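Visitor: If you read the sequences in order, they're chains A and B. The numbers in the first sequence follow our numbering, run straight up by one, and end at 195. The numbers in the second sequence follow our numbering, run straight up by one, and end at 1408.
Calculated from the structure, these hints are not laboratory results. Everything numeric in this text was worked out from a predicted model, so none of it was measured. Treat the hints with caution; some may be incorrect.
What the hints assert, rightly or not - Okay, the calculated bits of chain A under chain B, using three or more residues with CB under 8 Å as the criterion:
hint : region
1    : 16-30
2    : 40-51
3    : 123-137
Claimed, not checked - Okay, derived cross-link-like pairs now, BS3-like style, lysine-lysine, Cα gap no bigger than 30 Å in a straight line:
hint : chain 1 : residue 1 : chain 2 : residue 2
4    : B       : LYS1366   : A       : LYS194
5    : A       : LYS66     : B       : LYS1247
6    : A       : LYS58     : B       : LYS1247
7    : B       : LYS1247   : A       : LYS149
8    : B       : LYS1138   : A       : LYS44
9    : B       : LYS1252   : A       : LYS44
10   : A       : LYS44     : B       : LYS1346
11   : A       : LYS4      : B       : LYS1265
12   : A       : LYS153    : B       : LYS1252
13   : A       : LYS44     : B       : LYS1247
14   : A       : LYS149    : B       : LYS1252
15   : A       : LYS3      : B       : LYS1404
16   : B       : LYS1265   : A       : LYS113
17   : A       : LYS44     : B       : LYS1265
Built from N, CA and C at the ideal position, the CB exists for glycine as well.
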Amino acid sequence: MSKKENILNAGTALFAQKGFRDTSTSDIANLTNVADGTIFYHFKTKEALLLAILEKVKIDILNEFKQYTGNKQCDNGIDMVENAIAFYLYLSGKMENQFLLLHRHFPYELAEKNEECREYLEAIYNCLVDIFETAILKGQKDGSIPAEKITRKTALIIFSMVDGVVRFKTYNMYDASALYGELINSCRCILTCKI
Amino acid sequence: MSVITIFNGIYCRENDIIQKIADKTGFSTVTDDVIIQQAGRTSGFSDSKILGAINGKVSIFNKFTHEQERSIAHLRLAVANALLDDNVAIIGYCGHLIPKEISHVLRICLIADTAFRISQAAKTLKIKENEAAGVIHKSDSNAATWTHTIFGNRDPWAASLYDILIPTDKRNDDDIVTLVSENLSNEVLKPTEASLKAAKDFILAARVEVALSQEGHNVSVNARDGAITLTINRNVLMLRRLEEELKSIVEKVDGVASIETRVGKGFYQTDIYRKVDFEAPAKILLVDDEREFVQTLSERLQMRDIGSAVTYDGASALEMLDDDEPDVMILDLKMPGIDGIEVLKKVKATRPGIEVIILTGQGSEKDEALCMKLGAFAYLQKPVEIDLLSDTLNRAYKKVRQNKKDTK
Chain A
1 MSKKENILNA GTALFAQKGF RDTSTSDIAN LTNVADGTIF YHFKTKEALL LAILEKVKID
61 ILNEFKQYTG NKQCDNGIDM VENAIAFYLY LSGKMENQFL LLHRHFPYEL AEKNEECREY
121 LEAIYNCLVD IFETAILKGQ KDGSIPAEKI TRKTALIIFS MVDGVVRFKT YNMYDASALY
181 GELINSCRCI LTCKI
Chain B
1001 MSVITIFNGI YCRENDIIQK IADKTGFSTV TDDVIIQQAG RTSGFSDSKI LGAINGKVSI
1061 FNKFTHEQER SIAHLRLAVA NALLDDNVAI IGYCGHLIPK EISHVLRICL IADTAFRISQ
1121 AAKTLKIKEN EAAGVIHKSD SNAATWTHTI FGNRDPWAAS LYDILIPTDK RNDDDIVTLV
1181 SENLSNEVLK PTEASLKAAK DFILAARVEV ALSQEGHNVS VNARDGAITL TINRNVLMLR
1241 RLEEELKSIV EKVDGVASIE TRVGKGFYQT DIYRKVDFEA PAKILLVDDE REFVQTLSER
1301 LQMRDIGSAV TYDGASALEM LDDDEPDVMI LDLKMPGIDG IEVLKKVKAT RPGIEVIILT
1361 GQGSEKDEAL CMKLGAFAYL QKPVEIDLLS DTLNRAYKKV RQNKKDTK
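If we strip away everything but chain A, and leave its shape as in the complex, we get:
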């Protein structure tokens, strides 16, 4: 692994666990065994490092999703939603630090004033919500989900539920794995009920 990748990984872990403000470049330097200057050499500022990390999160998620869609075959849309939920929970475990970082407030604050940061975050969330939206749309086409549901808004609601359960786990609010079965049932109910 190159020094730069090392710094990116250490930065991800520290920003995720300690927060952006509480992490100094020296902390990252210590963890990666490089001089502070090396960090400045690769990433001009701590903010630039965060941006590079978000960019990498985006690429990693897109790659994971490509692999997932390549391997999965679903009979109908509602099953596809179920798979999407499972995939999302799997991904949140595999990319734990990245998800922890996404659950922190700082990236969103930065996004309010920094176009680049906003674009990375938008791309990340577009990809994540698309997973659900595509599945719901398929369901509406094959009849497993009623057509009158507003696809986009429903996808966002399902996404916020699933992401909320990930937050439960991240912050140890409850034994989140115990919620899995009911999460799937609830989503099925939401998607199949007629209004």
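Keeping the supplied structure of chain A fixed, place chain B upon it in accordance with the hints.
Guide: The following block gives chain B in isolation, referenced to the frame of chain A:
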């Protein structure tokens, strides 16, 4: 074919005057009550809820329910429809909802001195003057909230909001009526092709706004010849998704020729997006044994896109030079071990390219003279204004870059 709008402060003799204007011009009056009822019918909200939206009495749940925005959208639609009738006078708050582009509207404001209004109110309501003042104050503050909601202006009597501002305590009724009818016969107020088009666009924009508010969206809507421009005035991360959703709602509205979305001023917190500034100092080394101070300083500089490394004593600072040379060093004088003066001497002897800014709490004039003689770039006292420090840093870095350029 023209339209009059009349807005007034309470207890300005407004009822008499409005009646006389209506008699003289033959215009039919449409009051807030009528508009509110109409908005109530289209929105399904109670009249009192809509009145609350006008008076700025917003539910704490408004963030989710957007009842105020929805109410105003329906009020706008009701006003736009009222303009379809010939020779109407829109009386009250709702006249403010008519856009300036509709030029065949004569905008009138009736107002009087507060003392006059208080005496009128006291006489009419048979109450004491201080109570009357309270009544007027309450009504005026509602008016201020309204004009702030609609125009961002807390002065409901601001001349810029009207064509004529009439001091009703200083002019008699006949004068006022003559003034209004003279203005009304002015060429400028004759409907033109453009102003009629603007009135049509007003209705279309209002219908679009109602459709959007019904779906919980609050964006500003502009219509021009059927072309709709939506301005998103809040920060939204999933912008593309939102734009797509807005478009899918608006395209279903009859009469919409095209839709464009854009991002408004409120989208980014700061007006000017801070791009990563490549002119900013890249490598700043802070040397100070007061750990908390220096960490805070480092973070504050970070917020200004100035990256910095930190060491807590002279020896590590000098080690750092071998490891990775900074461009600018901010140096405290009093430190255990090798003190600041020593560090400064060594830096300037071995690496004259580094600019050193002294930042100290206890330094004397003698120290200052010595440091400057030894080649310090600047000598600053704690506590230091962050603006001054970042400005000094930028100047020091400019010098560093200039020197590097010159030696190339």
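Visitor: Could you run down the list of hints and mark each one as holding or not?
Guide: Tested hints:
Restraint check on the region 16-30 of chain A versus chain B: 4 residues with Cβ-Cβ distances below 8 Å, three needed, restraint holds. Note: the region 40-51 of chain A has 7 residues with beta-carbon separation from chain B under 8 Å; the three-residue rule is met and the coverage holds. Residues of the region 123-137 of chain A with a Cβ under 8 Å from some Cβ of chain B number 3, which satisfies the need for three, so the listed coverage holds. As the CA atoms of B/LYS1366 and A/LYS194 are separated by approximately 84 Å, the hinted pair breaks the 30 Å bound.
Between A/LYS66 and B/LYS1247 the alpha-carbon distance is near 29 Å, which keeps this suggested pair within the 30 Å criterion. For the given pair, A/LYS58 sits about 27 Å from B/LYS1247 by alpha-carbon distance, which is consistent with the 30 Å threshold. For the proposed pair B/LYS1247 and A/LYS149, the alpha carbon gap of about 18 Å is at most 30 Å, so the pair holds. Pair hint B/LYS1138 plus A/LYS44 does not hold up; C-alpha atoms about 56 Å apart against a cutoff of 30 Å.
Pair hint B/LYS1252 plus A/LYS44 does not hold up; C-alpha atoms about 48 Å apart against a cutoff of 30 Å. Between A/LYS44 and B/LYS1346 the alpha-carbon distance is near 27 Å, which keeps this suggested pair within the 30 Å criterion. Taking the CA atoms of A/LYS4 and B/LYS1265, the gap is about 37 Å. The hint is violated against a cut of 30 Å. As the CA atoms of A/LYS153 and B/LYS1252 are separated by approximately 17 Å, the hinted pair is consistent with the 30 Å bound.
Taking the CA atoms of A/LYS44 and B/LYS1247, the gap is about 39 Å. The hint is violated against a cut of 30 Å. Distance check on the hinted pair: A/LYS149 and B/LYS1252 sit about 17 Å apart at the alpha-carbon level, within 30 Å; holds. Restraint check for A/LYS3 and B/LYS1404: satisfied, since their Cα atoms lie roughly 27 Å apart, inside the 30 Å limit. About 12 Å separates the Cα atoms of B/LYS1265 and A/LYS113, which keeps this hinted pair within 30 Å; it holds.
Between A/LYS44 and B/LYS1265 the alpha-carbon distance is near 29 Å, which keeps this suggested pair within the 30 Å criterion.
Going down the numbered hints, you'll see the structure goes against 4, 8, 9, 11 and 13, while the others check out.
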